[in-house]
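S.K.: With the hints as extra help, turn the sequences into a complete structure.
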Amino acid sequence: HQVLRVKTKNEEEVKQLQLLESLEHLELDFWINPSAPALPVDVRIPAGSVQSVKAFLESQGIEYSILIEDLQDVLDKERQDMAESAQRQRSTGSFDFSAYHTLDDINAELDHLASEYSFVEKIQIGESYEKRPLYVLKFSTGGSNRPAIWLDAGIHSREWVTQASALWIANKIASDYGTDESITSLLDKMDLFLLPVANPDGFVYTHTLNRMWRKTRSKIPGSVCIGVDPNRNWDAGFGGPGASSNPCSESYHGPRANSEVEVKSVVDFIKNHGNFKAFLTLHSYSQLLMYPYGYKCTRPDDYAELESLGRAAASSIRSLYGTTFQVGTICNTIYQASGGSIDWSYDNGIKYSFAFELRDTGRYGFLLPANQIVPAAKETWLGLKKIMEHVRDKSS
Amino acid sequence: MSPVPCGDALPPPRPLRPRPALPAGGGSGARAMELPPGHFPAARAAAVAVEYLRYLRGGPGSGLRLRELQRARRQDIDDVGHKYYLELELEDVLDKDRTVSCTAEVLYHLGSKTSAPDVQLTVQGELRSTEEADKEFYNRIRSLEKELVAENIPDSHGNVPPELEPIHLLAWVASGYVIWQNSTENTKFHLAQVKHVKQVKRNDEDLQFDFVLLLHEMVSQEVLPWEVTLLWHPQRGARVPQSRAAGAGSS
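Taken in order, these protein sequences are the chains called A and B. Residues in the first sequence are numbered consecutively from 61, following my numbering. Residues in the second sequence are numbered consecutively from 2, following my numbering.
These are computed hints drawn from the structure, not numbers from a lab. Glycine residues also receive a C-beta, built at the ideal position from the N, C-alpha and C atoms. Keep in mind that a hint or two might mislead.
Claimed, not checked - Some residues of chain B that are not near chain A, with every Cβ distance over 12 angstroms (derived): (1) 187; (2) 191; (3) 218.
What the hints assert, rightly or not - Calculated cross-link-like contacts (lysine to aspartate or glutamate; reagent style EDC-like; alpha-carbon spacing at most 20 angstroms): (4) 199(B) / 102(A); (5) 445(A) / 190(A); (6) 67(A) / 148(B); (7) 136(B) / 207(B); (8) 114(A) / 89(A); (9) 69(A) / 211(B); (10) 67(A) / 211(B).
M.R.: As structure tokens, this is what we get:
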């Protein structure tokens with residue numbers, strides 16, 4: 061694939077490019093769309109279309125230059141750099157939790173944790189749309205189908221601090237079992253299932269082509285647009301207010317509930333297990349700690365307990381660095397949103413259902429500097445722990 | 002602590018529209034109702050006030066951030082719109098030990114698809130002076146042989162090279178304007194990333210930067226590219242002579 065930078069001189073040339081954009085069979089990917097003559101237009105062209113696009117531009121007298129001769133080379137080099145860095149890390153025996161990692165590196169670390177700790181097991185609960193495995197870490201010190209806690213991250217792929225925090229949290233729990241009283245008593249009574257990358261296809265896409273990608277990468281019949289918002293796809297008020305029926309929208313709910321395999325795999329796993337007591341999910345950004353409902357603006361039956369527990373968790377979070385999280389129902393705190401995961405889990409009998417929006421409040425947003433990963437993970441862990449301790453106490 | 006009205010620093014940048022005169026006291030006798038600061042309606046109005054203030058007061062040497070929304074009230078004014086009364090605590094991201102208080106009124110006009118919310122602000126206390134930093138930045142940019150060009154600020158990993166931090170802060174000023182102009186009660190915008198910035202040398206004394214900004218709209222979750230031209234001068238402050246939503250791009 062080549063990436064060309066096209067320099068349009070006038071409106072006529074812009075129109076020509078827009079015409080080109082509309083020809084779907086060329087499979088052009090405009091990184092910057094043609095809109096005004098003054099601005100460069102960057103476009104990624106699959107190998108098969110390169111010759112014809114260049115011929116078209118030349119015949120129209122439209123100036124262009126080659127920004128990236130061979131995109132594959134660039135990606136290979138980057139991948140190689142990251143592999144070398146990962147190799148260095150692995151050979152020194154440590155994973156750098158204060159850096160952002162690729163999916164391959166994350167999966168390697170999951171293997172490492174599973175091999176190092178007898179009570180940690182890596183299981184596969186399904187496959188993504190593009191056939192990537194959905195890996196869950198199971199923390200279990202014994203028993204048989206003990207009451208369990210679910211924790212996931214990265215369902216929206218651009219929220220990078222969440223996958224990164226999930227790795228830190230996994231390592232924290234694994235390494236502190238046996239020495240930390242709270243973690244030890246928790247895992248002696250309950251199992252924990254952690255899905256650090258709930259949307260691997262989207263995650264890879266944020267590394268390779270579009271850092272701001274949110275949705276899955278599924279093809280939608282009848283649309284040129286790709287992907288479903290996996291947090292509007294759950295069977296809870298599905299299709300209601302706060303989700304879009306437009307496939308091109310970032311909050312597209314999908315053709316039907318559980319249409320996304322990434323969602324269905326989790327639903328099936330949790331239903332088959334049958335003994336989950338808590339469902340916790342990590343998002344960014346905004347610093348919020350929310351409980352149901354999102355699909356309707358009425359309070360859940362357990363409002364008082366969830367509000368109180370939420371406040372206690374937010375207080376724990378604040379105790380570390382002073383980071384404040386707002387507590388409330390989804391509908392009151394950010395917006396009405398249907399088809400969300402914690403509404404589904406709550407309506408399916410999992411009382412302790414919470415969604416976290418991690419740092420920050422907008423200064424960096426999705427692009428949170430890597431040096432904030434560990435502080436974010438540490439403070440979030442305190443909030444999660446508060447909730448888990450309460451669940452443990454109520455479940456025994 | 003004398004209140005400094007900061008709503009009058011620059012002439013209004015958009016064409017004046019005739020407005021129904023507000024009777025003293027806010028009209029139609031509607032009382033202002035207290036809003037929970039942690040709920041989204043107040044949060045959205047506070048964000049608009051902060052973005053407007055960033056446009057008025059921001060520069061390459063300072064970036065204002067909302068530290069806390071302390072109080073919010075809303076008044077529904079018949080035939081006019083919804084007015085929010087806010088008490089904010091603000092900080093400069095480059096000087097976090099100091100905070101200032103601000104009271105703001107944000108009026109969203111009825112049927113507000115085409116008109117920006119009216120914002121009135123009063124800031125109590127001193128914001129850190131950036132005169133030195135502004136002058137130094139101004140001189141540095143003016144003396145560049147080749148016009149400054151940069152991309153992806155911050156990068157994917159959240160990095161901003163130190164020499165580009167002032168550009169990042171100027172992008173906040175530009176996005177502050179665009180966000181203020183395009184906000185409604187159903188939106189909450191943040192600057193997600195500076196996709197591209199190009200300095201344009203001018204014959205007058207202003208610095209000009211042509212930005213492609215990615216704005217994240219929280220309610221729809223869309224990330225929207227905007228082309229924004231910013232003019233800035235150390236004494237005269239900022240102006241946005243043109244801005245427009247660019248073609249949406251996603252594959």
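S.K.: Give a verdict on every hint.
M.R.: For each hint, the structure was consulted:
The beta carbon of residue 187(B) is not kept farther than 12 angstroms from every beta carbon of chain A, the shortest such distance being approximately 9 angstroms. Not every beta carbon of chain A lies more than 12 angstroms from that of residue 191(B), the smallest distance being close to 4 angstroms; the non-interface claim is violated. Chain A draws residue 218(B) into its interface by the beta-carbon criterion, the shortest separation being 9 angstroms against a cut-off of 12 angstroms. Only pairs whose Cα atoms come within 20 angstroms are accepted, and residue 199(B) paired with residue 102(A) is accepted, the gap being roughly 15 angstroms.
About 34 angstroms separates the Cα atoms of residue 445(A) and residue 190(A), which puts this hinted pair outside 20 angstroms; it is violated. Annotation: proposed proximity of residue 67(A) to residue 148(B) holds, straight-line Cα distance about 17 angstroms (limit 20 angstroms). Restraint check: the Cα-Cα separation between residue 136(B) and residue 207(B) comes to about 12 angstroms, which is no more than 20 angstroms; the hinted pair holds. Simply put, residue 114(A) and residue 89(A) have alpha-carbon atoms about 15 angstroms apart, close enough for the 20 angstroms limit, and the pair holds.
For the suggested pair residue 69(A) and residue 211(B), the alpha carbons sit about 17 angstroms apart, so the restraint of at most 20 angstroms is met. Restraint check for residue 67(A) and residue 211(B): satisfied, since their Cα atoms lie roughly 16 angstroms apart, inside the 20 angstroms limit.
Checked against the numbered hints given earlier, this structure breaks hints 1, 2, 3, 5; the rest are met.
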